[in-house]
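These are the residues of each chain, in order.
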Amino acid sequence: MDCPRPDVAKILDQLQPVLERIFAGYGISVQEAETIVEESCRVLAGKTLRRQDPLVWLLHTIIDRCERLREERGFEDPPS
Amino acid sequence: MKIHPHDKVLEEFLLSLAERDRDLVFHLARCAYCRARLYYLPRPEETAGEKEAFGGYAPALERTRGRVETWARTVEAERDEAPDLFVELMGHPAERWDEVLSANPRFHSWGLFELLIERTREMTIRGPAHAEELGLLALSLGDCLDPYRYGAELIEDLRARAWAHVGNACRTRSDLHGAEEALGKAFDHLEKGTGDVLERAILLDLLGSLRRDQRRFEEAVDLLRKAVSTFLKIGDRHRAGRSLVNLATVHYHAGNPEASIPVLYQSLDLIDAEQEPRLLICARHNLATYLADAGRAVEARDLYRETRPLYRDFGEPFIQNRRQWLKGKIARGLGNASRAESLFLKAREGFLAEGVPYDTALVSLELAALYAEQGRTADLKRLAEEIAPVFTSRQIHREALAALAFLKQAIEAETASAELVARVAAFLQRAENDPGLKFDARNED
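Chains as they are written, first to last, in numbering that gives the first Met the number 0: chain A, 0 to 79; chain B, 0 to 444.
Keep in mind that the hints were calculated from the coordinates and are not lab data.
These numbers were taken from a predicted model, which means no experiment stands behind them.
Ideal placement from N, C-alpha and C gives every residue a C-beta, glycine not left out.
Treat each hint with caution, since some may be false.
Unchecked claim - Here are some chain A residues the structure puts well away from chain B; computed CB gaps all over 10 Å:
id: 1; residue: GLU33
id: 2; residue: LEU68
id: 3; residue: ARG69
id: 4; residue: GLU70
id: 5; residue: ARG72
id: 6; residue: GLY73
Stated by the list, open to error - Here are a few chain B residues that face chain A, going by a calculated C-beta distance under 8 Å:
id: 7; residue: TYR56
id: 8; residue: ARG64
id: 9; residue: TRP70
id: 10; residue: VAL74
id: 11; residue: GLU77
id: 12; residue: GLU80
id: 13; residue: LEU144
id: 14; residue: ARG148
id: 15; residue: GLY150
id: 16; residue: ARG199
id: 17; residue: ILE233
id: 18; residue: HIS237
id: 19; residue: LEU267
Said to hold, decoys possible - Okay, derived cross-link-like pairs now, EDC-like style, lysine to aspartate or glutamate, Cα gap no bigger than 16 Å in a straight line:
id: 20; chain 1: B; residue 1: LYS191; chain 2: B; residue 2: ASP142
id: 21; chain 1: A; residue 1: LYS9; chain 2: B; residue 2: GLU315
id: 22; chain 1: B; residue 1: LYS191; chain 2: A; residue 2: GLU38
id: 23; chain 1: B; residue 1: LYS184; chain 2: B; residue 2: ASP145
id: 24; chain 1: B; residue 1: LYS232; chain 2: A; residue 2: ASP63
id: 25; chain 1: B; residue 1: LYS232; chain 2: A; residue 2: GLU38
id: 26; chain 1: B; residue 1: LYS380; chain 2: B; residue 2: GLU398
id: 27; chain 1: A; residue 1: LYS9; chain 2: A; residue 2: GLU31
id: 28; chain 1: B; residue 1: LYS437; chain 2: B; residue 2: GLU398
id: 29; chain 1: B; residue 1: LYS380; chain 2: B; residue 2: GLU411
id: 30; chain 1: B; residue 1: LYS345; chain 2: B; residue 2: ASP301
id: 31; chain 1: B; residue 1: LYS345; chain 2: B; residue 2: GLU398
id: 32; chain 1: A; residue 1: LYS9; chain 2: B; residue 2: GLU385
id: 33; chain 1: B; residue 1: LYS191; chain 2: B; residue 2: GLU155
id: 34; chain 1: A; residue 1: LYS9; chain 2: A; residue 2: GLU70
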């Protein structure tokens, strides 16, 4: 489906303050945050698939990955 | 809160709100963007410690931004070259495509991979066999791509999509076994992919269509509801609307057209008319038809009137003939039998010209019901003669032909009541999507 490509850099700029707060909230390290954001943005830029709201998709994807990391940690290291 | 609140709790909550706040809640329920904003609002005053904690991410995000921009430029450049590569590849005989592709690294590009998958999707309706061929070619290309350059998981996502469209092409040409196998492979690849929820929802929607064609309706409903909910979560209202139209078709095929009505009303709020006007007219037309069939002729008429400008944009016989048919149903529902008759005749003429015997038979039965109600035996007999060519059609299966033959005999013997015509019509409607349905002349309802 041909559609205007989302400007990933612009979306990242818009989301930066939100992302910082989300990563801190989930206790995500700087390195993990870098990996999560890069991999998610590569998916966004790497597909011509039309996304009606790329900002919401990116935010949802990043939050989802933070959730999964937290769950994985929960299983690995249950609270004593 | 992980547990869904009970209806009573929600009800109490809504009733406790002022009207303005209630509007806000309903807006939130429909707007993924505003729901996402809830994650960072309200913004509290940051403490010095928090400033330090958040500040650590800024340089990392800045570095990421740079790498993503480089990646985006790389794939854009490959996309620009893809149409020429596609034309060059298609210039070779089909039996050499695989060989040319694997031998020439110029073709090993992300842009061409995406383009082949997109062409597969576009060709599904017009030429499903060719679509399948292109999808399999895309998969061959996927095997040649460098996973270090493009990312193994991203390649898996696109392999999943290629298999999904191959499966959909198989379904379109009634190869349900091939479709099942291809969609199974699509899910396998998706599991190894990036976890892109949009890809998953698209695949759920396509699997829902397959389950519908396999007449596994409960599973189809379940899959399509999941697809709708996922699309809405990521703000894709239009695709959610499309899946709802698909869901309405499942209800129709399951013999429950009235259940389609609220689903189609919901889809109208979501479909983006500019993006896909054909989907909008399809949803509105089906809704008006089901309303008319359910005896809600006034509602159907109002909806039809609102849709008139859209019908004018689609002049093709496929839409215009069905428009006449719908107008006939509405006229009949409003008690205007003579207008209904002329509209049904017009629709039938159109279907004969279009070469669609099943719809010709169905609209003829609507006419037959009108004649039977009015005791017009001579017109009924003439109608039975006129639909004789339908019986030679190979596009109408055995049981449906048996039902029509039974009715024809009854008309000739002057024993065809309006009730009998209605029973045969109801059978034909259900049998259209279920060729295995058996016609029982004694007890057909």
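Do the hints match the structure? See the list:
1. GLU33: At about 4 Å from chain B, A:GLU33 fails to clear the 10 Å cut-off, so the statement is violated.
2. LEU68: holds (12 Å)
3. ARG69: Since the minimum Cβ distance to chain B is about 14 Å, A:ARG69 lies beyond 10 Å and the statement holds.
4. GLU70: holds (12 Å)
5. ARG72: Answer for A:ARG72: holds, closest chain B Cβ roughly 18 Å.
6. GLY73: Non-interface label on A:GLY73 holds, nearest chain B Cβ at 13 Å vs cutoff 10 Å.
7. TYR56: holds (5 Å)
8. ARG64: Constraint on B:ARG64 satisfied, holds at 5 Å.
9. TRP70: holds (6 Å)
10. VAL74: With a minimum Cβ separation of about 6 Å from chain A (threshold 8 Å), the hint on B:VAL74 holds.
11. GLU77: This hint is violated: B:GLU77 lies away from chain A, its Cβ roughly 10 Å from the closest one there, beyond 8 Å.
12. GLU80: violated (14 Å)
13. LEU144: Constraint on B:LEU144 not satisfied, violated at 12 Å.
14. ARG148: Violated: closest Cβ of chain A sits about 11 Å from B:ARG148, beyond 8 Å.
15. GLY150: holds (6 Å)
16. ARG199: Violated, about 11 Å.
17. ILE233: holds (5 Å)
18. HIS237: B:HIS237 check passes; min Cβ-Cβ to chain A is 6 Å, inside 8 Å.
19. LEU267: Result: violated, 17 Å to nearest chain A Cβ.
20. B:LYS191 - B:ASP142: holds (15 Å)
21. A:LYS9 - B:GLU315: violated (42 Å)
22. B:LYS191 - A:GLU38: holds (14 Å)
23. B:LYS184 - B:ASP145: violated (21 Å)
24. B:LYS232 - A:ASP63: holds (11 Å)
25. B:LYS232 - A:GLU38: violated (20 Å)
26. B:LYS380 - B:GLU398: violated (22 Å)
27. A:LYS9 - A:GLU31: violated (21 Å)
28. B:LYS437 - B:GLU398: holds (6 Å)
29. B:LYS380 - B:GLU411: Holds, because 6 Å separates the two Cα atoms, which is no more than 16 Å.
30. B:LYS345 - B:ASP301: Violated, at roughly 22 Å.
31. B:LYS345 - B:GLU398: Distance of about 27 Å is beyond 16 Å: violated.
32. A:LYS9 - B:GLU385: violated (65 Å)
33. B:LYS191 - B:GLU155: holds (6 Å)
34. A:LYS9 - A:GLU70: Measuring from Cα to Cα gives roughly 30 Å; hence the hint is violated.
Violation of the numbered hints given earlier is confined to hints 1, 11, 12, 13, 14, 16, 19, 21, 23, 25, 26, 27, 30, 31, 32 and 34; the remaining hints are satisfied by the structure.
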